[in-house]
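K.L.:
Those sequence lines, one after another, are chains L and B. Each residue of the first sequence is one higher than the one before, starting from 28 at the first, in this note's numbering. Each residue of the second sequence is one higher than the one before, starting from 522 at the first, in this note's numbering.
Hints in this document: simulated from the structure, not taken from any laboratory. It should be emphasised that the depicted structure is a prediction, and the values quoted were computed from it without experimental measurement. All C-beta atoms, glycine included, are put in the ideal place defined by N, C-alpha and C. Warning: the hint list may mix true and false statements.
[Stated by the list, open to error] Estimated spans, in silico, between C-beta atoms of each pair:
#	chain 1	residue 1	chain 2	residue 2	range
1	B	Leu723	L	Gln433	50 to 60 angstroms
2	B	Asn677	L	Pro347	27 to 37 angstroms
3	L	Thr90	B	Leu655	41 to 51 angstroms
4	B	Ala855	L	Ala346	30 to 40 angstroms
[Claimed, not checked] Simulated crosslink set (SDA-like; lysine to any residue; CA at most 25 angstroms straight-line):
#	chain 1	residue 1	chain 2	residue 2
5	L	Lys153	B	Asn678
6	L	Lys153	B	Leu679
7	B	Lys668	B	Gly829
8	B	Lys668	L	Gly439
9	L	Lys221	L	Gln103
[Stated by the list, open to error] Here chain L is said to cover these stretches of chain B; the calculated rule only asks that three of the stretch's residues, wherever they fall, bring their Cβ under 8 angstroms from a Cβ of chain L:
#	segment
10	589 to 599
11	683 to 690
12	715 to 722
13	781 to 789
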Amino acid sequence: MILIDAGERNDHTFDSVLVFASQLAAQGYSVGIDERTLPDTLDRHQKYEVAPYLVDVTGIAVTRFLLIGAETISEQTLRMLRSYDFTSVTPVSAIGRFTDHQALVSAQSKIAYVLGREPDVVDLRKLQKKPLLPSAISPLVAGKAAGVRPADHTPPQLFVFLPTEMLEDTQSLSLLGSLDNVRGYRLNLVLAGKGKEQIKDSRFAHLSAFAATEFSPSTFAKMADIAVFFGEDVPGERMAAFALEMLQADKVVIDCTRSEAFVACGAPVLRGPDELGSLANYLVDTVITNVEEISHFVANSRWLDGYRLAGLEHALGLAPQREPLAQAAPARTIFLPTNGVGLGHAQRCALIASAMPRPGDYVFAAFPSCFPLIEGKGFSCLPLVQKSPYHPEVYANDLINYLRLQRAVRTGDRLIFDGGYVFDSIYRVVFEKQLSAIWIRRGLWQASQSNAVTLDREKAFEKVIVPNEAFDELNSEHGYGHKIYHIGPVVQESATDADDGLKLRDRLKAHLGHPFDQLAVTMLGSGVAADRSAQMQTLTNIYERRKNCLHLILIWPGAIVPTGVFGWKNTRVVQTMNALELCKAADLVVTAVGYNSFHEILYHQIPAILVPQMAAFMDDQDRRARAASERGLAETVLATEMLLLEREVMAFLDSGKAGRIRANLAAHVLPPRGNHLAATLIDGGGRA
Amino acid sequence: MRSPASVAYLVDPRFPGGTSSAVAFELRECTKLGHVSVHAIESQMFSARTVAPQLAETLSALGLELIWDSRTISADVVILHNPTFLKFQATLESRILARHLIVVAHENFLRPGAAESFDVNRCLNQIDRASLALRKTIAPISKVNRKTVLDWLKGNNLRGNWAVLESDWFNICAFPMIAPNTTPADRRGRHSRPGFEKFPNLADMDLCFPAHAEANVILGADHYLADRLRRPHWSMHPFQSFEVPAFFGMIDFMVYFTAPTWRESFGRVLAEAIAAGKVVISDPQTAATFDGGVVAGTPAQVDEIISGFIADPKSYHMHVAAAQAKLSPFSAQAFRAHLSRILTQAIGATA
Chain L
28 MILIDAGERN DHTFDSVLVF ASQLAAQGYS VGIDERTLPD TLDRHQKYEV
78 APYLVDVTGI AVTRFLLIGA ETISEQTLRM LRSYDFTSVT PVSAIGRFTD
128 HQALVSAQSK IAYVLGREPD VVDLRKLQKK PLLPSAISPL VAGKAAGVRP
178 ADHTPPQLFV FLPTEMLEDT QSLSLLGSLD NVRGYRLNLV LAGKGKEQIK
228 DSRFAHLSAF AATEFSPSTF AKMADIAVFF GEDVPGERMA AFALEMLQAD
278 KVVIDCTRSE AFVACGAPVL RGPDELGSLA NYLVDTVITN VEEISHFVAN
328 SRWLDGYRLA GLEHALGLAP QREPLAQAAP ARTIFLPTNG VGLGHAQRCA
378 LIASAMPRPG DYVFAAFPSC FPLIEGKGFS CLPLVQKSPY HPEVYANDLI
428 NYLRLQRAVR TGDRLIFDGG YVFDSIYRVV FEKQLSAIWI RRGLWQASQS
478 NAVTLDREKA FEKVIVPNEA FDELNSEHGY GHKIYHIGPV VQESATDADD
528 GLKLRDRLKA HLGHPFDQLA VTMLGSGVAA DRSAQMQTLT NIYERRKNCL
578 HLILIWPGAI VPTGVFGWKN TRVVQTMNAL ELCKAADLVV TAVGYNSFHE
628 ILYHQIPAIL VPQMAAFMDD QDRRARAASE RGLAETVLAT EMLLLEREVM
678 AFLDSGKAGR IRANLAAHVL PPRGNHLAAT LIDGGGRA
Chain B
522 MRSPASVAYL VDPRFPGGTS SAVAFELREC TKLGHVSVHA IESQMFSART
572 VAPQLAETLS ALGLELIWDS RTISADVVIL HNPTFLKFQA TLESRILARH
622 LIVVAHENFL RPGAAESFDV NRCLNQIDRA SLALRKTIAP ISKVNRKTVL
672 DWLKGNNLRG NWAVLESDWF NICAFPMIAP NTTPADRRGR HSRPGFEKFP
722 NLADMDLCFP AHAEANVILG ADHYLADRLR RPHWSMHPFQ SFEVPAFFGM
772 IDFMVYFTAP TWRESFGRVL AEAIAAGKVV ISDPQTAATF DGGVVAGTPA
822 QVDEIISGFI ADPKSYHMHV AAAQAKLSPF SAQAFRAHLS RILTQAIGAT
872 A
């Protein structure tokens, strides 16, 4: 492992270390950053970016130590270097932009003192005669293989960097809005400071925007086909590295800086207009029509020689590590259901995966609560880490999941995510590994729900598959249109009939030693979204007073069960993965109104009382329940309506309401299931 | 009768350690031989204008004025001490006119392994461009220092007809001689500035200062203290946290090894320890300056050397006495003789 550090310890140099580490890692090098060198504060992007490289050096085999920014070396850095106690064969190299020979001699001497031997010293000024960013700490080199252009960027992905001050101009947003509507490219903004938040808070929230620190320069270069830089000067190390990664991949870079900063130092870039208003015509008329010729011009640049990783590798005596990037294995498909408050996402993914042409080829990455369901369907599973109040920060689990996903997926794999919020781990891995990603995203969002953050991450996905609700008024359009695919409800199939239901009831009587005439089932959730212990207690009490009745409270693994439901003679708490068959055999089901339960009730014609669960982060169960009850296909009882709940249970079981509902369900025509269309879309077919 | 030679000293008086001490001792002798002026250069090596206390004290005692940043420095002999103060700048603004310009090296030009210690060319070229002199010489301060100067000159193309002074420009070691402890014990210590170059690696430090020693006193252990190094059997103290004589009162053996990539050019701290009546142990190259007055060895041999002296206190006393006698070539009297020869040569030269 190559351990990287910087001469000085501050936020700037740490970010430079991060940029360099990610560039080396993108070339296949095993890279580490000593966890003790972390600054006191890191932003969220940095935490994700650094996580794959952080190491506790104890027990790590360091094959090489690289010190960047060696023109200034702090005592803190020297003390740490001394503490490593490297063997005499571990190469130690200092890389810097030394203003003169004395600066180089000083750096070399300081390291030699703590090391007890001489380090290698690389003076970047000799490699880079006309420096792009003289103040850079990072070596600013890029590998030829790093930014190879994926073949399917059609139309080309345009990435435009804008400094904060340009966004302060009120006209800029309108101009960006216009720029976004020009055909021939797909606009993405890369924004400094709080620029992204500013865009997302504006009426131009639909614009694809990234924070400049959101991804590594290597990742940005993989995503982009054309990069444009506005502002006064070269906008910092990250953007300089981004530009170099682009150029080393023979891609188009346009210098729109006021100082012509890129052009002035000899970089093989195009000089573009320094005003946003002129950019669209320039792109369409001059750039996009000549991309191949421009690429040829970039490829023949001698200026780039000083910025090639190969040059630094040669100076350091590093063996190029590009082979590991070659992907011999075929692309895989990974389903990743979020954990949510129940198993709905996992259930839906499993149903779709089962409908795929070769179910054995697909694997899952899922939270522990989903394991029994997924493995029960015959799929193998990579465990993800569940959120916990004991973690030091709310996304600590997601950082671990990010590392697991990063190691598990390969460039070009296919990722199918089912969930409402796209975790950072997923969002990052999709871009970093250039995954072919599909988002299964059910609708029926609450009116008050904030969509901006959720929809912002839609850009990571090639397709968004929206499993529709059974009733039209519940289906509405979210997102930005061009990649949304609506399909029929994804609902579990069941081959069992009424006779099978009777047999199941007989088995229950025998197994539980409890004869009954009426079977009632309650599924009121896991206690995560809402506390339903009072409702369960009420139902338990109602059924306790009935003769010849069996009441099953169905739960899934990990659910919170109120203690008050135990010890009743007519009630049993059942942990099961086969709720549907029990519901089909039941005379009445009282259930929450999640997507899966609701549609199973409808499609399997099960008489039910619907008790909506409402929480800020959930779908609109109230609307869903009322849509069914208004059609006479179920009854809706709110959680607070205990007396009504008792009356409805009696109506269903004693007054024939269950039969009438079942008849209505049988008569109602529901849209065809979407399970197979989802599978087809994932497999590359289908239409929007 | 010929009038005494004029001697101009050219220094950056802000060097905190050995350079300023050496100049201070030297001025006391030089004023007995010639007309002395002292010129201070405010180089870019230091930021504040704080004169080293030992130098300020001497100047005051001798009634000499410190002349800052003279436009022209003119004397029969101009002595520039420690040219490294020029390493962070491109030009020396003062003009030097002299019969003999002597640049006293102080620092080794090369480190062990032949890496350059500082940008020698840059420093000497600045002096060369700023001076008009009949003779320009580099004056090494010890055998070790001389070798690095000569080796550097062999490997580099230095402009300006520089010569190397035939005799070494040693540090004056005019310390009071103290008798050794009559019953030496295994009380070890070292004293230096806290710079990384002054310390060997930790494994060697552990060999030099083991748990079985009665005392291990490390004065100048600032970096170990900052690292919170756990060595319960070491008594670690920051540099200058107490007076050096008090430190010598705590030990019988001065064990002094440095980073293998750095070497003392003279070893004033070792001479000080010898004068204080201690047996001094160091690596063979550093020990060479003192012609047997410092016991040469490796960290692995330190235990054996010390136990030998403790087992035979007579040998301890004899060694200290012999070592103190070896300091006589570095006496004030010897320096006066050395300087007198230089001045005579300079005045005798025809312009």
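K.L.:
Now tell me if each hint is right for this structure.
P.N.:
Hint check:
Restraint check, B/Leu723 to L/Gln433: a C-beta distance of roughly 37 angstroms breaks the suggested window 50 to 60 angstroms. The hint said 27 to 37 angstroms for the Cβ distance between B/Asn677 and L/Pro347, and at roughly 35 angstroms that hint holds. Against the hinted window of 41 to 51 angstroms, the Cβ-Cβ separation of L/Thr90 and B/Leu655 comes to about 57 angstroms, which falls outside the hint. Distance hint check: the CB atoms of B/Ala855 and L/Ala346 are about 58 angstroms apart, inconsistent with the given range 30 to 40 angstroms.
With a CA separation close to 21 angstroms, the supplied pair L/Lys153 and B/Asn678 stays within the 25 angstroms bound. Distance restraint check for L/Lys153 and B/Leu679: the Cα-Cα separation of roughly 23 angstroms lies within the 25 angstroms cut-off, and the hinted pair is therefore satisfied. Between B/Lys668 and B/Gly829 the CA atoms are separated by roughly 33 angstroms; this puts the pair beyond 25 angstroms, and the hint is violated. Between the alpha carbons of B/Lys668 and L/Gly439 the distance comes to roughly 63 angstroms, so the proposed pair goes past 25 angstroms and is violated.
Between L/Lys221 and L/Gln103 the alpha-carbon distance is near 32 angstroms, which puts this suggested pair outside the 25 angstroms criterion. Residues of the segment 589 to 599 of chain B with a Cβ under 8 angstroms from some Cβ of chain L number 0, which does not satisfy the need for three, so the listed coverage is violated. For the segment 683 to 690 of chain B, the stated coverage by chain L is not satisfied: 0 residues place a CB nearer than 8 angstroms to a CB of that chain, which falls below the threshold of 3. A stretch counts as covered by a chain when three or more of its residues have a beta carbon under 8 angstroms from one of that chain; for the segment 715 to 722 of chain B and chain L the count is 5, and the coverage holds.
For the segment 781 to 789 of chain B, the stated coverage by chain L holds: 3 residues have a C-beta nearer than 8 angstroms to a C-beta of that chain, and at least 3 were required.
Hints 1, 3, 4, 7, 8, 9, 10 and 11 from the list above are not met by this structure, while the remaining hints are.
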